[in-house]
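Undergrad: Spelled out from the first residue to the last, the chains are:
There are 4 protein chains.
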Amino acid sequence: MLEKLKQEVYQANLELPQRGLIKYTWGNVSGFDEATQLFVIKPSGVDYDEMSPDDMVVCNLNCEVVEGNLNPSSDMPTHAVLYKSFEGIGSVVHTHSPWATVWAQAGMDVPAMGTTHADTFYGAVPCARFLTAEEVNSNYEYETGKLIVETFEDKNIKPNEVPAVLLQGHAPFVWAKDCAHAVMNAVVLEEVCKMNLFSKQLNQEAPALPQEILDKHYERKHGKNAYYGQN
Amino acid sequence: MLEKLKQEVYQANLELPQRGLIKYTWGNVSGFDEATQLFVIKPSGVDYDEMSPDDMVVCNLNCEVVEGNLNPSSDMPTHAVLYKSFEGIGSVVHTHSPWATVWAQAGMDVPAMGTTHADTFYGAVPCARFLTAEEVNSNYEYETGKLIVETFEDKNIKPNEVPAVLLQGHAPFVWAKDCAHAVMNAVVLEEVCKMNLFSKQLNQEAPALPQEILDKHYERKHGKNAYYGQN
Amino acid sequence: MLEKLKQEVYQANLELPQRGLIKYTWGNVSGFDEATQLFVIKPSGVDYDEMSPDDMVVCNLNCEVVEGNLNPSSDMPTHAVLYKSFEGIGSVVHTHSPWATVWAQAGMDVPAMGTTHADTFYGAVPCARFLTAEEVNSNYEYETGKLIVETFEDKNIKPNEVPAVLLQGHAPFVWAKDCAHAVMNAVVLEEVCKMNLFSKQLNQEAPALPQEILDKHYERKHGKNAYYGQN
Amino acid sequence: MLEKLKQEVYQANLELPQRGLIKYTWGNVSGFDEATQLFVIKPSGVDYDEMSPDDMVVCNLNCEVVEGNLNPSSDMPTHAVLYKSFEGIGSVVHTHSPWATVWAQAGMDVPAMGTTHADTFYGAVPCARFLTAEEVNSNYEYETGKLIVETFEDKNIKPNEVPAVLLQGHAPFVWAKDCAHAVMNAVVLEEVCKMNLFSKQLNQEAPALPQEILDKHYERKHGKNAYYGQN
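Chains as they are written, first to last, in full-length UniProt numbering: chain A, 1 to 231; chain B, 1 to 231; chain C, 1 to 231; chain D, 1 to 231.
Chain A on its own, in the form it takes in the complex (with noise of 0.2 Å):
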């Protein structure tokens, strides 16, 4: 079921180490099919040169598994949260890649200090606060799931327009409509985490971008009368 799922999220999880996002085993990507409420996702710590598009795990949204002989990713009920709560996104991915946790464990918001932020993100990336200890002790990887939900909440930010967030201590999930655009969006924020920290260490009055050039920018790509690329 869902091959053509299936396949994306193998090339998309592929993709990773090839962008540097991630060494080893130490991320995943997950695809949702709309129609049947599924998600598609890696197997747990498997080589990337031993995974089949076979071996991805099928999923529902209460975080049970519905085809496959491999355990999921263990992060699959953070996943299976994102799904259920944020609408109409299609892919969801989870990194440790280096910048983006440098400011995980900073624990500090990613301000739009340049435009090749405001070209994916409408905003600040939001860091999300750690894990109480009844939360880690009870159902982790779901808890995470519902934080991120609970900051996107309270922050009162979109995640249609912000389609990615810190966890403090540990590093980002972002999103998208589907796995090439979730892919890319986790490579902006890592480039825009690497820019933007330097810009501060060069210029600590560094202002972050006027609201104009962000709605600008922002819009040109992503607005109603977008005019970028070729639609």
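A portion of the hints provided could be inaccurate.
As the list makes no split between identical chains, a pair holds if one copy fits it or if it spans any two.
[As the list claims (entries may be wrong)] Straight-line distance between alpha carbons at most 30 Å, and here's what the computed DSS-like set of lysine-lysine pairs gives:
hint : residue 1 : residue 2
1    : K4        : K84
2    : K155      : K200
3    : K84       : K221
4    : K84       : K155
5    : K4        : K177
6    : K84       : K177
7    : K84       : K158
Honestly, the hints are just simulated from the structure, not real lab data.
Fit chains B, C and D to the supplied structure of chain A, relying on the hints for placement.
TA: Okay, now just chains B, C and D, sitting in the frame of chain A:
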């Protein structure tokens, strides 16, 4: 038309990711034909793997498409303004190369701190101010070009002696007599931005290059009595 | 003798430059055979291109060469002490990987600041003090091993829970149950050292990972009820 | 003439970009023939793809071209002065490798902070002062060589024990008994410059390597009783 130039522009665009200046489609190179006063530019948002020389778009200095089935790069009007205003340049490159973008986000000129800089740029590479809300909301990409020209006039910098600019909160534009040299200048700028950042961190009092060494290195490559290379 | 282990040790040594942990011959991997109480180690200063599995040197825990025509790595006695003192380890890796060496030169323990760390190291990776002049001038490499053991005893750290150490002014030693995991642990240490450095620069108050998250991540991979992977 | 040396010099020049020390043609390697007192050097500004061993230029210690159809590297006179002044060296390498250039631009000696340094350089790598206007305007490249020699004399450093120098505002020159070792020393310098920068950032009080460890590591590779490697 302009088949040879299309080939050059195509190749130079491919060189951007190969040299680590861009990821995905975050950059564009154009080339100018003096005889026809037309320029050739990359189409907007097309994957490099799927792009061919025939996909390049031909435009005139009034920002009109003269030939081509695809939309030109959304930054096309910036290129047009530069060709119209900066005499003798034959190619313009725009990237979001990370170290140059770090300086752009910091809103700082790149000082001439070493001979790597002086071999290409005869003095500091200026950082143009943020565009105003009015400029952003009228004809953003055209106004970007005008701001670059204004910056060089205000600071009394000769665009053929300092063939690059940073736009605050955005990224660099770079130029040269032809596509290969424009890409090379973009590489030099990127390298210099990386090195200068860390030289300043290592020694806050690190001085600019003395004028006579700046002169010497610039002149031995670009002066009347240049003796670098085989000419 | 020990042909299979020689092959593993050979492959693991080749992996060091492939994973960006070393340049030239600045590292060494050994593997221990529990049954014979012998270990196999890379020869000293031999180019990787010219090295074959048969060039690996077999040594005993008294630092004597048992088989092999080449000199063993000059760090061989350090490996011997670790195999003698740290029960259950099957491989030792030494590199001068740059980010770990940065921390070693700073003389600082690497704190557990994120889950990337906690997935492998159950707490801070200690930095052992400089060797004394007396230690340096008696039997340097052997004393290095003894100092590592002393460091773990003094700080009451279990070597199987924190399978790595930094030597002040020198570089890391890392270990694991087998060669592939020892190289992986060296990669984790390198990545963590890079990220922690910049997290601290971004936020001087960046906290260590809360104990419950450290426990959770370490236990889900290495604990009795581990559920990461396919076992 | 000197065909074997031309081949070595050619190969060593190709190694510079392969090892990440240079971009484009921003570096040069030469090799010295003791018997004839001639040296072979890369031509100036020729693309590496188009260069062959036959393009190497033969010069004498008076800075005259003895054989070759191309202009030698514009830095040729610096190489000549080093061969004339530093007894026993067989190769000189010049690069603008970024981390070494960072220190050169900062105008700072590179202290011996770790054993990676001590394995190659017996003490700090000195940074020579800016050339004076007079030196720049008389015979720049020749004066550069003289300044390097003066620096080693003034600081009482033996060029065979510390085979590298930084030129303030410029970049490193490195040497060794042959081309392969000169390139290796340039790689060591680059790595050490990167690591020391960040060690100092991590711990402003990070100490230099104690003298006895510096002695030990330098001597075990280069001393009378060296025991590193297979000799």
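Undergrad: Now, for every hint given, state plainly whether the structure supports it.
TA: Hint-by-hint comparison with the structure:
1. K4 / K84: Within one copy, since 22 Å is at most 30 Å while 50 Å is not.
2. K155 / K200: Close inside one copy (24 Å) and across copies (26 Å); limit 30 Å.
3. K84 / K221: For K84 and K221, both the intra-copy (27 Å) and inter-copy (27 Å) Cα distances are at most 30 Å.
4. K84 / K155: This pair counts as within: shortest intra-copy Cα distance 19 Å, inter-copy 46 Å.
5. K4 / K177: within (15 Å within a copy, 39 Å between copies)
6. K84 / K177: within (14 Å within a copy, 41 Å between copies)
7. K84 / K158: within (15 Å within a copy, 42 Å between copies)
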